[in-house]
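A.B. asks: Chain by chain, the residues run as shown.
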Amino acid sequence: MSVNEKIVADLVNNGIEFVTTVPCKQLAGVIDEIDRCDAIYHIPANKEDEGMGLCAGASMGGKRSAIIMQNTAIGVTINTLVTLIQYYHIPLPMLISYRGELGEPVACQVEMAVHTKALLAQLNIPTYHFHAAADVNELDTILKHCFMSKKPVAILTDASFWKGA
Amino acid sequence: MIRSEVLKSIIPVISEQLVVCNIGLPSQELHMLDDQPSNFYMLGTMGLSSSIGLGLALAQREQVIAIDGDGSVLTNFGTLPTIANNVADNYILLIIDNGSYGSTGDQPTYAGLKTSLTEVARACGCENVVECKAEDTAEALQRALASKQMTIIVCKCESGNIKVPVIDMDPVVIKHRFMQEVRARNEQ
Ligand SMILES: [Mg+2]
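Just so you know, the protein sequences line up as chains Y and U, in that order. Just so we're on the same page, our numbering is the position in the first sequence counted from 1, plus 6. Just so we're on the same page, our numbering is the position in the second sequence counted from 1, plus 251.
Since the hints were made in silico from the structure, they are not lab data. Incorrect hints may appear among the rest.
[Said to hold, decoys possible] Over the 10 Å line for every Cβ pair with chain Y, so calculated as not near, a few chain U residues:
#1 Val264
#2 Leu299
#3 Asn337
#4 Asp340
#5 Ser354
#6 Ser367
#7 Glu409
#8 Lys414
#9 Pro416
#10 Phe429
[Claimed, not checked] Straight-line alpha carbon distances no greater than 20 Å define the calculated EDC-like cross-link-like pairs of lysine to aspartate or glutamate that follow:
#11 Y/Lys69 with U/Glu432
#12 U/Lys384 with U/Glu256
#13 Y/Lys69 with Y/Glu107
#14 Y/Lys157 with Y/Asp16
#15 Y/Lys157 with Y/Glu144
#16 Y/Lys156 with Y/Asp44
#17 Y/Lys156 with U/Glu390
#18 U/Lys426 with U/Glu256
#19 Y/Lys69 with U/Asp340
#20 Y/Lys157 with U/Glu390
#21 U/Lys414 with U/Glu256
#22 U/Lys365 with U/Glu382
#23 Y/Lys69 with U/Glu438
#24 Y/Lys12 with Y/Asp141
#25 U/Lys259 with U/Glu438
#26 Y/Lys69 with U/Glu256
#27 U/Lys399 with U/Asp285
#28 Y/Lys69 with Y/Glu110
Keep in mind that this is a model prediction, so the values were computed, not measured. For each residue, glycine too, the CB sits at the ideal point set by N, CA and C.
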């Protein structure tokens, strides 16, 4: 089973049926896998805050939802995370491409990488960092924790993780 | 007619429906006029009423009316292509277009100037886009509900506000009450 198949299997096994995505190079494989998965309604969003609105609606409609996005989106979505997702206690797993870490070819990505964990910590968002290939084994437990606690949860996946995967 | 009068005129049509209502005065007015467990009030997050409504419509089978404003649609313009390309026939987006940012003091929006939200929605690929005068909104909504086709209604009305109290219900209570209602209707 590839890492992308494993990630999508964990989403499905945790009852997630609605996934919104804004693409990133590192996430291309998992987004393809989401698209192929019949158990998941895949709805690409134009902006990540829009995507979180879609997820909030699906969640209230009884479908567990998740968002897949890049870490630059943390800058876009702070207001939505605070005044919608956290304020209304909506569970939201966020599978995030952690650009700007070791191996990054694009200098500008580092500018957001240095703020990513600090922002998530400031927002009191439980944050998990996948660096080694085996870290993916924790995904199932993280998803269960997210729906138990009804909070947004960040899963940062860096270049080393995707390289080793 | 101003927005609060439009809302008052559509209460007989929307009272029994699942409604997602835009932040600020629209939610406060709806809450004051006709508070229902089937109403979801946004207390924050400008722009996302149409997105929350679409997510809700795609996730379950009951009809959903998302009430939005011109300013809010302008702030989340990406929503219109997403709506056009993810057709949910149980979804109606009602844009109450008063050409101004009502909740912040009626500053003009571009929708009240050169930009037609009706034309933008059509250009984005939305198939059933209806523009109506304020006094025809209830009828347009009734027709959209009966058609069982995804519809965008752009209601052109005057700007202006009335005094309304803020909503002091807790967000989690609003959500819990709404979700119970959604679940009960889908179980029938
Ligand atoms: Mg307005």
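A.B. asks: Starting from the hint list further up, note which numbers the structure goes against and sort them upward.
C.D. replies: 2, 3, 10, 13, 16, 17, 18, 20, 25, 26, 27 and 28
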